[in-house]
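S.K.: Sequence:
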Amino acid sequence: MADHEDHAASAGRCERVVPMPTDLRPGAGAGTRLPALAAQVGAVLADRGTAVPDVAVTGVTLRAQEVRPGDLFAALTGSSTHGARYAAEAIERGAVAVLTDAAGVAEMGGSATVPTLVHPAPRTVLGSVAATVYGNPSERLTVVGITGTAGKTTTTYLVESGLRAAGRTAALIGTIGIRIDGADVPSALTTPEAPALQAMFAAMAERGVDTVVMEVSSHALALGRVDGTGFAVAGFTNLSRDHLDFHPTMADYFEAKAKLFDPASPLRARRVVVCIDDDAGRAMAARAGDAITVSVAGQPAHWRAMDVLPMGAGGQQFTAIDPPGVRHRVGIRLPGHYNVANCLVALAILDAVGVSPEQAAPGLLETRVPGRMEEIDCGQDFLALVDYAHKPEALRSVLANLRRPGRRLAVVFGAGGDRDAGKRRPMGEIAAELADFVVVTDDNPRSEDPAAIRREILAGARGGNAEVVEIGDRRAAIDRAVAWARPGDVVLVAGKGHETGQRAGGETRPFDDRVELGAALKALGARP
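Okay, so the sequence shown: first residue is 1 according to the UniProt record's numbering, each after it adds one.
In case anyone wonders, no lab produced these hints; they're calculated from the structure. Built from N, CA and C at the ideal position, the CB exists for glycine as well. Wrong hints could be hidden among the right ones.
Said to hold, decoys possible - Distance ranges between label pairs, derived from CB positions:
{"id": "1", "residue 1": "D290", "residue 2": "Q40", "range": "26 to 32 angstroms"}
{"id": "2", "residue 1": "R140", "residue 2": "G109", "range": "27 to 33 angstroms"}
{"id": "3", "residue 1": "M250", "residue 2": "A88", "range": "28 to 34 angstroms"}
{"id": "4", "residue 1": "T50", "residue 2": "A30", "range": "20 to 26 angstroms"}
{"id": "5", "residue 1": "D290", "residue 2": "A523", "range": "53 to 59 angstroms"}
{"id": "6", "residue 1": "A523", "residue 2": "E470", "range": "30 to 36 angstroms"}
{"id": "7", "residue 1": "V44", "residue 2": "A297", "range": "32 to 38 angstroms"}
{"id": "8", "residue 1": "Q317", "residue 2": "A28", "range": "46 to 52 angstroms"}
{"id": "9", "residue 1": "R509", "residue 2": "A297", "range": "49 to 55 angstroms"}
{"id": "10", "residue 1": "G109", "residue 2": "G135", "range": "33 to 39 angstroms"}
{"id": "11", "residue 1": "D420", "residue 2": "G109", "range": "38 to 44 angstroms"}
{"id": "12", "residue 1": "P405", "residue 2": "E467", "range": "33 to 39 angstroms"}
Between the sequences and the hints, there should be enough to build the whole structure, so can you do that?
M.R.: Take a look at the structure:
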């Protein structure tokens, strides 16, 4: 997964706004009896000679340090250690039972003082168990899931804004964080693990939420994080190269996404919306069979866009044509043709949950997405932006949108370590093709050699016509691009968007592109 940290910031700010944590578990209920849970998923007691004790389970968690009295502790195989190593801590904190596999039982060595349920693949049943313990909360909500390579975050924000404009009490779960009726809550992953997700749904329902819109990553679908969730609507934005460090092939990546759309999948949403402007979208619509289709590229579709015109500073308006052929004029303060596509997907989803374009329009117009084409305005005489683009096609889309005759364009970017290395050279090529000044720097190197990552990007960038420089220190790289700019130019800092940390060498240090760009701009203004 990308390193996602939470940051609520408005366009044009040079200061951080950090949301306060919120408890995302529901109030304690009567609980679910352990024998019923065991029977539901086919788990057996480690001590096969006895019956499953009739204890009440009131919560589920994967993290020993988050256990509360009454919890079932799920001890799963991790990337470096088995969760069963922490079973004693979980029990000490009040876990009433453990769910694990045979390796977990061996790790505990008979030391558990609470019932231990054994399943050959406990991760595959964890979503179902958590949903049952928390009272199947998605059945009390309208849950919208949005997937795709690019546009998930923006589309969820647009849907959330449209819902709230129509008077719905909405919640959002995604890359940037979690929002309940407009209030920000921290998050660490695009899609939380299944126990946390089901607890969130239950807490949201308790707080009066009626509709939840969430990003659904391919990792989440492949790893069962959304298992146990009933989706009312699923939306598909597009598919391009990404996450090939996790998925062995693009076909595998597609199949993970298809779980929300395939009629044979238990996760298939009741209604599905698909943008058919790329081959993957057309294939997804064919797989779904009864998809509500969307196109901004002239494809025959249920929802279409036309007459796109600029509107104010960086905004645009267009005509959305709905399935009966009714035309709706819609405005958004988000630049780029790709955001017209995101908005059209959002309109189709909103319509599927009973919100008309006219009801949604005021919310769509006011939508702002942190770290997505976010302008940093400190009074300078050129445009400075931060964007999350960290994939080849996303970088191409953003740079192409900013490219204007007579206007110079600088881009500062790098590439993440321990991730799909095949993206690096193409990103360098794209930057050198579309920008005038390219500063190759560090993103999140993680455990890789930062200089080696930069060399791969530079191998692509130095074949173009742009002026290319290498500055490993990201702060210095941003300073260099700002110093290069002249009146009327554009400086884009790409790759990290809303993130507030930089990972390198096993450590995460505070780093926010928006704050650093703002500081560089202020320093520029202070020069004599």
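S.K.: Next step is simple, just say for each hint if it's right about the structure.
M.R.: Going down the list of hints, with the structure as the test:
| no. | hint | in the structure |
| --- | --- | --- |
| 1 | D290 x Q40: 26 to 32 angstroms | holds (31 angstroms) |
| 2 | R140 x G109: 27 to 33 angstroms | violated (41 angstroms) |
| 3 | M250 x A88: 28 to 34 angstroms | violated (43 angstroms) |
| 4 | T50 x A30: 20 to 26 angstroms | holds (24 angstroms) |
| 5 | D290 x A523: 53 to 59 angstroms | holds (56 angstroms) |
| 6 | A523 x E470: 30 to 36 angstroms | violated (22 angstroms) |
| 7 | V44 x A297: 32 to 38 angstroms | violated (54 angstroms) |
| 8 | Q317 x A28: 46 to 52 angstroms | holds (49 angstroms) |
| 9 | R509 x A297: 49 to 55 angstroms | violated (42 angstroms) |
| 10 | G109 x G135: 33 to 39 angstroms | holds (35 angstroms) |
| 11 | D420 x G109: 38 to 44 angstroms | holds (39 angstroms) |
| 12 | P405 x E467: 33 to 39 angstroms | violated (19 angstroms) |
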